[in-house]
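Go ahead and model the full structure; you've got the sequences and the hints to work with.
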Amino acid sequence: MSVVCFKMGRDMSRRRKRKDDTSSGSLQESSSSGTTLPGAPSYNVSVGAADHSITVPLFLTGIFKEVFERAVGRARNQLASSGRIEPTVFFGYTNGMIKTGVLSFKDEFHKELLKKRVREKTLAENASVVIVLTEGERSGTILLSGAASGMRASARVDYAFDKNTKTITLWKVRWLDNPLRNAFLEGIFNTAS
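Everything in the sequence shown is counted per the numbering used here, starting at -3 for the first residue and increasing by one.
Read the hints as simulated data drawn from the structure, not as lab findings. Please note that a few of the clues may not be correct.
Said to hold, decoys possible - Each computed SDA-like pair below joins lysine to any residue, with the alpha-carbon atoms no more than 20 angstroms apart:
1) Lys107 to Lys117
2) Lys107 to Lys168
3) Lys168 to Ala120
4) Lys168 to Thr137
5) Lys168 to Gln74
6) Lys117 to Gly79
7) Lys107 to Pro83
8) Lys111 to Lys168
9) Lys168 to Gly92
Unchecked claim - Ranges of calculated distance between the beta carbons of each label pair, as one might list FRET restraints:
10) Thr90 to Lys159: 36 to 44 angstroms
11) Thr90 to Lys162: 34 to 42 angstroms
12) Ser78 to Ser145: 29 to 37 angstroms
13) Lys159 to Glu182: 33 to 41 angstroms
14) Asn122 to Thr163: 24 to 32 angstroms
All C-beta atoms in this analysis are idealised placements derived from N, C-alpha and C, irrespective of residue type, glycine included.
Structure below.
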């Protein structure tokens, strides 16, 4: 008998005390070529290590930007510690809390159940933002797709990881011109993701 895994809980890494409650999670999706948004106003924000910053378009709301930054930082930390990226879903709330959930499925039936569970959780807990982090089809890419009320955005992270030294040698975040379609975001916030 197959089981759909949707694990919620406190963040597994407790290196420092955080002001908000964080949980852990995963998912999977297809790749798309991406470029930065043309002419979009933006500013730099620190993500993950202090020596890395990404440009975030100004159209992102505060909580959307915060959840996105957390997703990118978590992916970088996962890659550095384990050498791989787990697909993850992030739920952001207006009170600043961010929860993440492990999305694991074995077949299409269980994938459909999991999509339904993500929608139900979003509605039941009144999440403001949902962002899905997945590995791209091409090795060395991570895709982030997010939805909030009236807003969608996607980004791609190109990375290189040296397995021998366990170091990240490339980490480049790019906003995509068109938000990626993601099955786990369909029907959330009345958007056709």
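Now for the hints, and whether the structure bears them out:
A hinted pair counts as satisfied when its Cα atoms are at most 20 angstroms apart, and Lys107 with Lys117 qualifies at roughly 15 angstroms. Between the alpha carbons of Lys107 and Lys168 the distance comes to roughly 30 angstroms, so the proposed pair goes past 20 angstroms and is violated. Distance check on the hinted pair: Lys168 and Ala120 sit about 35 angstroms apart at the alpha-carbon level, beyond 20 angstroms; violated. This hinted pair checks out: Lys168 and Thr137 have alpha carbons roughly 10 angstroms apart, not beyond 20 angstroms.
Taking the CA atoms of Lys168 and Gln74, the gap is about 16 angstroms. The hint holds against a cut of 20 angstroms. For the proposed pair Lys117 and Gly79, the alpha carbon gap of about 30 angstroms is over 20 angstroms, so the pair is violated. For the suggested pair Lys107 and Pro83, the alpha carbons sit about 13 angstroms apart, so the restraint of at most 20 angstroms is met. At most 20 angstroms may separate the alpha-carbon atoms for a hinted pair to count; Lys111 and Lys168 exceed this at roughly 29 angstroms.
For the suggested pair Lys168 and Gly92, the alpha carbons sit about 26 angstroms apart, so the restraint of at most 20 angstroms is broken. At roughly 40 angstroms, the beta-carbon separation of Thr90 and Lys159 lies within the given 36 to 44 angstroms, and the hint holds. In this structure the hint that Thr90 and Lys162 lie 34 to 42 angstroms apart at CB holds, the actual value being about 37 angstroms. Between Ser78 and Ser145 the beta carbons are some 34 angstroms apart, a value that agrees with the proposed interval 29 to 37 angstroms.
Here the CB-CB span from Lys159 to Glu182 is close to 35 angstroms, well matched to the stated 33 to 41 angstroms. Roughly 40 angstroms separates the CB atoms of Asn122 and Thr163, a value that falls outside the hinted 24 to 32 angstroms.
Checked against the numbered hints above, the structure violates hints 2, 3, 6, 8, 9 and 14; every other hint is satisfied.
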